[in-house]
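> Since the structure of chain R is provided, determine the placement of chain Y on it from the hints.
As given, the protein sequences belong to chains R and Y, one line each in that order. 1 is the number of the first residue of the first sequence in the numbering used here; add one for each residue after it. 1 is the number of the first residue of the second sequence in the numbering used here; add one for each residue after it.
Please keep in mind that the hints were generated in silico from the structure rather than gathered at the bench. Be aware that one or more of the hints could be misleading.
For chains that are exact copies, the list does not tell them apart, and a pair is met inside one copy or across any two.
[As the list claims (entries may be wrong)] Straight line, CA to CA, 16 Å or less: simulated EDC-like cross-link-like pairs of lysine to aspartate or glutamate:
hint, residue 1, residue 2
1, Lys259, Asp226
2, Lys331, Glu303
3, Lys259, Asp229
4, Lys295, Asp278
5, Lys214, Asp189
6, Lys83, Glu32
There are 2 protein chains.
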Amino acid sequence: MPGQNRQWQLTARPQGLPRRSDFTLATLPVPEPAEGEVLVRTHYISLDPAMRGWMNDVRSYIPPVRLGEVMRAGAVGEVTASKHPGFRPGEHVAGMFGLQEYAVAKGDALQKVDAAAAPLPRYLSALGMPGMTAYFGLLDVGAPQAGQTVVVSAASGAVGALVGQIARIRGCRVVGLAGGAAKCAYLRDELGFDAAIDYKSEDVGRALGAHCPKGIDVFFDNVGGDILDAALVRLARQARVVICGAISQYNSTAVAGPKNYLMLLVQHARMEGFVVFDYAARYAEGMTAMAGWLKDGSLKSKEDIVDGLETFPETLLKLFNGENFGKLAIKSV
Amino acid sequence: MPGQNRQWQLTARPQGLPRRSDFTLATLPVPEPAEGEVLVRTHYISLDPAMRGWMNDVRSYIPPVRLGEVMRAGAVGEVTASKHPGFRPGEHVAGMFGLQEYAVAKGDALQKVDAAAAPLPRYLSALGMPGMTAYFGLLDVGAPQAGQTVVVSAASGAVGALVGQIARIRGCRVVGLAGGAAKCAYLRDELGFDAAIDYKSEDVGRALGAHCPKGIDVFFDNVGGDILDAALVRLARQARVVICGAISQYNSTAVAGPKNYLMLLVQHARMEGFVVFDYAARYAEGMTAMAGWLKDGSLKSKEDIVDGLETFPETLLKLFNGENFGKLAIKSV
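So here's chain R without its partners, still in its complex pose:
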């Protein structure tokens, strides 16, 4: 067993975009698992927009990361030592292991993953939290009907690309918003979206009007800000706005509220938020569906893997400047 564990600790609360100076790359002894725990060597570590919120000292759906603690992150890895009867060395597991090379975790906080059934990074994307987020957020909160128009923002991102594909599988007309011609072409040509709007070069409001002639029945929002406002004025009657995230606002000190929210009144529409953990009891249902669609080829999953734990502070920024293309993760070993 190697003796050292490199670990990214949050050591200052970021103002605006996180900087390298907000973190410390510490080198610590590899921890020992206690009774009921296992030691995991992380292989792929997930980078998610939600991490930005976890850095703030505010009330939210989970406590903030404390200063001096390892930065919270989901990851997949391999069991290297076990004091839990359910896990043996060599097995692959997913869990909230943090931005580090080794983690100890309680056995009941782990999920076994089958490295033969899918590449490991897929358990951080379609078969992981983004997959569950897309599946339950779209189908349970958004509740689209076949033939309805579904619009998704950050549509080439980890969650958005899955949302659009699930909507297509369910018989909806799907319009995605993404930044740049390459991402838009990918949505249309590879993922089967009916239309893609390049928010960097197009008038989003006008393009939504053109591509959604009967209005938007479900708007699945990952970005907030001006794009949310543009969608609100084009809602159909009884539309559902799914609030999954607001990446445009996470680095702002003052969140811009949706100034067109009174369109909810005009259209008898609703705006509803959720967190994937709300659906923990139903993950098996979601995993079965996602695995089935991956297997029959109706769903594609794309991962954007960056090599090296030490790149974390800069790699994280790819999420906020739109540089990532697919699910962003760090290869830790």
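Frame of chain R, contents of chain Y only:
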């Protein structure tokens, strides 16, 4: 039949608060009903916050009032001539008669009201649009359960006072927001609210925290702005925010969006809007319930009647500066 009809016409689109110069008090011949129409002498004319929106030239749930047209308003009055087989002179009716002394209306756009069963102004409050708004907005959109905490803004207003009482009747804990000690005392002592918060003299956020120790299950919002934001951060899990209106924003050129809307995500809550006309097919249900509660004394209705059609531009402002106390209406004759 008198020969003249005084009529308030919208002749300029208001910027900010409406002014007398935005309207013209015209004197016209009393109109003649055509086949299928009746002539109505208006007795009480309803003044509603929604009227401010109808003055703007924007897309909404109904077309704006055109310049030169009679200002749209609900009213109750008496049939003075009829060319419709279903109506006879002397009968009392409610409808969208506008701000004028006489109106012609198609018979199928009228509702007969029983002047012996309730004072006429009540058909503009608990037994009219505010009553239907409160009944369906609270019970259908807000869907409160007995024992849950319901908070209502503009709680001494036409809709808010009914919302709070219906919530109390349904076994909820009820907290109202109103401006001034007299209105707050009325909510507690006369209407049976569990608590009232004076938004003019109290810290609304702190008071909500004190009066809603388990969070807000249903927030019925008539005002928007800072009060909506204060409520959002105190939502309970799976709360419902009912967007009925936003009187704090109606005279603003730029609506302030709810900057705390991401609390919907944190609490798996929803924000849903509606317009009373959405429930037209179910008014009979609502009227029966409201009439029953009025009759058994569990529901009180308070009207604030101002004498004189000519006072309209100034009387309307009572809604926006919080001077009205109960359902505001003009006595036309």
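> Compare the structure with each hint and give your call.
Going down the list of hints, with the structure as the test:
| no. | hint | in the structure |
| --- | --- | --- |
| 1 | Lys259 to Asp226 | both (9 Å within a copy, 13 Å between copies) |
| 2 | Lys331 to Glu303 | within (11 Å within a copy, 69 Å between copies) |
| 3 | Lys259 to Asp229 | both (7 Å within a copy, 13 Å between copies) |
| 4 | Lys295 to Asp278 | neither (26 Å within a copy, 44 Å between copies) |
| 5 | Lys214 to Asp189 | neither (24 Å within a copy, 50 Å between copies) |
| 6 | Lys83 to Glu32 | within (10 Å within a copy, 92 Å between copies) |
Consistency note: the structure conflicts with the earlier hints numbered 4 and 5.
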